[in-house]
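Peer 1: As a plain string of letters, each chain reads:
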Amino acid sequence: MDLRAQAQRWQRWLFRLQPEGGAVRLERRRIYILPTRSGLLYALALVVMLLGAINYDLALGHALVFLLAGLGLVAMVHTFRNLLGLGLQAGTVAPVFAGEQARLTLHLDRPDPRPRRALALDAGAGPILAELELPDSSSVSLPLPPQPRGYRPLPRLTVASVYPLGLFRAWAYFLPAARHLVYPAPLSSPLPRARSVPQAGDSRGGNGQEDFAGLRPRQPADPLRHIAWKAAAREPAERPLPVKHFAGGGAEEIRLDWQDLPSGCDVEQGLSLLTGWVLAAEAEGLSYGLQLPGVDIPRGSGPAHRQRCLETLALWSPPGARQP
Amino acid sequence: MNWRLPWRRQRRPLPSPLPHSVLPWLLLCALATAGPHTLHQPLWLTAIAGLVLAWRAWLWLRQLPLPPRWLLSLVSLGSLAAIVVEYRTLLGRDAGVSLLVLFLALKLMELRQRRDGVVVLMLGYFLLLTHYFHSQSIPTGLWMLLALVLLTATLLRLHGDDRARPLASLRYAGVLTLQALPFMLVLYLLFPRISGPLWGLPRDAHAGLSGLSETMAPGSLANLIQNGSIAFRVQFQGETPPRAQLYWRGPVLDHFADGVWRARFLPHRKPQVEARGPEVAYVTTLEPHNQRWLLALDSPTAVPAEASIGHDLQVLAPAPLTSRSRQAFRSVLDYRHNRQEQPLVLQRALQLPAERNPRTRELAEQWRRADPRPASLVQRALAHFRQEPFFYTLRAPLLGRDGVDEFLFATRRGFCEHYASAFVVLMRAAGVPARVVTGYQGGDINPVDGYLTVRQSDAHAWAEVWLEDQGWRRVDPTSAISPARIEAGIAAALPDDEALPLLARVDLDWLVRLRHRWEAANNAWNQWVLGYTPERQRQLLSRLGLQQPDWRNMSAALAAACGLLLLLLTLWSLGRRPRLAPEERLWQRFCRRSARLAPDLARAPWEGPLAYGRRLGERLPTLAPQAEAIAGLYATLRYGPPLAPRDRQQLLERLAACIRELPSRRPS
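Those protein sequence lines, which keep their order, are chains R and B.
FYI, the numbering for the first sequence is 1 to 324, going by UniProt numbering.
FYI, the numbering for the second sequence is 1 to 668, going by UniProt numbering.
Hints listed in this document are in silico derivations from the structure and should not be mistaken for laboratory results.
The structure presented is a predicted model; accordingly, all values stated were derived computationally and were not measured.
Where is the CB? At the ideal position from N, CA and C, for every residue including glycine.
Accuracy of the hints is not assured; some may be wrong.
[Claimed, not checked] Sample of chain B residues facing chain R (criterion: CB under 10 Å; computed from the structure):
(1) Arg114
(2) Tyr125
(3) His131
(4) Gly141
(5) Met144
(6) Leu145
(7) Gln179
(8) Ala180
(9) Phe183
(10) Thr533
(11) Ser573
[As the list claims (entries may be wrong)] Just a sample of chain R residues kept apart from chain B, beta carbon distances all over 10 Å, derived:
(12) Arg16
(13) Pro190
(14) Gly294
(15) Thr312
Chain R extracted, bound-state conformation (with noise of 0.2 Å):
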């Protein structure tokens, strides 16, 4: 029996969880509230001054647990209001390698000028505290647990807060409708042998590697001896770091094959193997195209072409067996 997939299926009951697109605002049927350890030792030490009072007699003592008992009362309602009418919306996940963090970009306001405080954002991957305070909205990168290869859909998200005696905690679930991308792991391994095509004085297609042609936003794969250091210094406000555009020379072409993988290793292996070809080729600035079972991509190079490699390759299961 799976006992997880029941509690899933459970909880799914429980706090009618259901994929939501777009905007989500926190309504009063989706805040849950219990008492937090702290509040059930507060309660047990009222209990305790409660008979205190009892035994000694002491009228202001039976007030002060009064007082106290009517504070964890209000507190319970402010701790749910610091979640009442807080709204959600998720934005884009940048894609990222097997095993690396993917962050979400997830958007957060408030229909009223009141503030939100020591709010507990958790993907599953540990909570980020966020706060709503001057502005109407803000924005929070929030992690990811780490996924498998492939479209993945985001995890269930907890908006957690305790604020402000930490007697209460009152959290909702979100459940946005969207994927985010995962490419496999790369693993660093020689490129295969390259066939040299001449190609001097073309400048139109692909990167080369001898003539200057000007400056462009750096890409995560560009090799940090483009950067254009000085025409970064020069505005270091400017962000993404400039990089040193090259065209001409002997564009190298390569051929990545499934083919040429190394014996013995199995899909995901091969797979990583692969993308870590299409990183190295990348940086290299060669011209590369992928050759799977059943894909072929023509050969290229550039931040697209790139992406279309990674994504084939995330995406990508052997004939007849399920898509990943």
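Model the placement of chain B on the given structure of chain R, informed by the hints.
Peer 2: Structure of chain B alone, referenced to chain R:
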């Protein structure tokens, strides 16, 4: 197995290390809650707690690491041992409070997690309660309220407010406390009260209460008189009798030995009191004195149901009074008491220690030979006090073995107990049954609330003699020496240079007025806050219409009231709509109205005001000028440059007028 209940949090919602900036708050909380205990706890404990606090503050300032666990364990074990040595126990009230103070101080030394901070604050809340062991006065209550707000503000700062301004935290804590007040009131009034104690009280529970004692020795009352605290308060129904008749009867002492007067047990018998004047009715509010006697005017005729009245007119409660209590009495001021007295009582009223005070006996014998009638013997003795050079003073010299002899023939300086004692000894030696009565005499009317206030400094001792046909008659020898004591009070009777508690002096007018106000406030506090006993609760609830209040319907009423309050609070705090700017309100009204004209005319969320106005105009050409004017006005008000208040008002009025003129149906 990675299966958890859904509400079990998988991780702490907040990172748990304690925010560095919260520490001064925690230190302040410790000072505010443990500080006042320095008045009641041993000095060494104060020293240890103070040192630990100072050490912790220094570590925080220098950002030094906390001391190792073994050192803390050593300090705590040592202090535990010291507490055991000091109190002979770890349980009980005072030892428990000392333990709490110690824990609080030491917990500050191991603040690593947020949880530790929470524990410190819970200890602080608990310590607040323990102050009421010593005092439940208005200032204590206020101080505790302030400390509670401080503790709550610190709890706030522990849970996410740590970067807010200190005043903002205090304000929020104050708001929370204010919102908790209605709950406190409801719970205070309706929570079914149980009279303590639930378990045995330690012997120290009611230590340090002052009042009359069961014995009277020379000097015992003079000590009590230095105490300006209030013994009881009286509310008369109708006129307050003249001061000289206000004799509040306390313990009656009939056995004299070794210079000390004591009461001896007598089998219970109903007293016979013949009223010779009108009754007065009054209610006394007696401060706890940890004794059974109640104080009533001579002579009580009706006493509270649970109390009993002895043959000597002493009124006794069923148990020692450990809390302030109210009793309703009726008394007659002119009466005859026990004209037929038991022989045993009369025999005891003649007892004298043999071979003591020979000169006093000789004097009494002389008087008796001259005139054996008891009434003239009484007059003779009073005349003796009046004519011989006797002084009324608090500074009486110490007396030896034959104390009454020394007083009557040598020192001749004394206080009421000296005169009462000497008088009774003289009477007994002359063969007249006599005894000593202690109690209070007089009292001051507080002009603010009309209560008669009787202080410990009004303590008094007088004598009673039993005369054939008249029964027991009160004789106050003090009035023979110092009539002012009876007519005007102790302050008027004593020489100016004698020390009296400041509050018992009547010559400082402004001080007296201030004192009256303060005591009236205290009295109201005592009557309505502290004196809210199970009986008062029952009375109040019956008056509110709750028939036969018991814990069941009281709990029901309590739950209903708390639920209602919670509902109100929820509605108030959750249901509040955000306050919109006036132009925003008008614009939304406009959008609602135009959406009612046709569903497809509703404004799309992304549509700006001008674009929407244009679209409306295109769809409904008859409304085009109006719609565009409204959109333009709104855009100017909302997004345009700031306007002078008058212009702004004009535009708002125009906008409102335009919207009013919109048709409610789609023009055909």
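Peer 1: Now tell me, hint by hint, if it's right for this structure.
Peer 2: Status of each hint after checking the structure:
1. For B/Arg114, the suggested interface contact is upheld, since its CB lies about 8 Å from the closest CB of chain R, less than 10 Å.
2. Contact between B/Tyr125 and chain R, as hinted, is supported at the beta carbon level, the nearest pair being about 6 Å apart and thus within 10 Å.
3. Because the closest C-beta pair between B/His131 and chain R is about 9 Å apart, less than 10 Å, the hint holds.
4. For B/Gly141, the interface hint holds, since its Cβ comes within 10 Å of a Cβ in chain R; the closest pair sits about 6 Å apart.
5. Using the Cβ-Cβ criterion of 10 Å, the hint placing B/Met144 at the interface with chain R is satisfied: the shortest such distance is roughly 7 Å.
6. With a cut of 10 Å, the hint placing B/Leu145 at the interface with chain R holds, because the nearest CB-to-CB distance is about 8 Å.
7. Taking 10 Å as the C-beta contact cut-off toward chain R, the hint placing B/Gln179 at the interface holds, the least distance being around 5 Å.
8. The interface hint given for B/Ala180 is met, as the beta carbon of that residue sits about 3 Å from the closest beta carbon of chain R, less than 10 Å.
9. Below 10 Å, beta-carbon pairs count as interface contacts, and B/Phe183 has one with chain R at about 3 Å; its hint therefore holds.
10. Given the 10 Å rule on beta carbons, the hint for B/Thr533 holds: about 9 Å separates it from the nearest Cβ of chain R.
11. Checking B/Ser573 against chain R: minimum C-beta separation of about 5 Å stays under 10 Å; hint holds.
12. The non-interface label for R/Arg16 is consistent with chain B: the shortest C-beta to C-beta separation is roughly 12 Å, beyond 10 Å.
13. Against chain B, the non-interface label of R/Pro190 holds: every CB pair exceeds 10 Å, the least being about 40 Å.
14. With a minimum CB-CB distance of about 37 Å to chain B, R/Gly294 clears the 10 Å threshold, and the non-interface call stands.
15. At the 10 Å boundary, the C-beta of R/Thr312 stays outside the reach of chain B, the nearest C-beta of that chain being 33 Å off.
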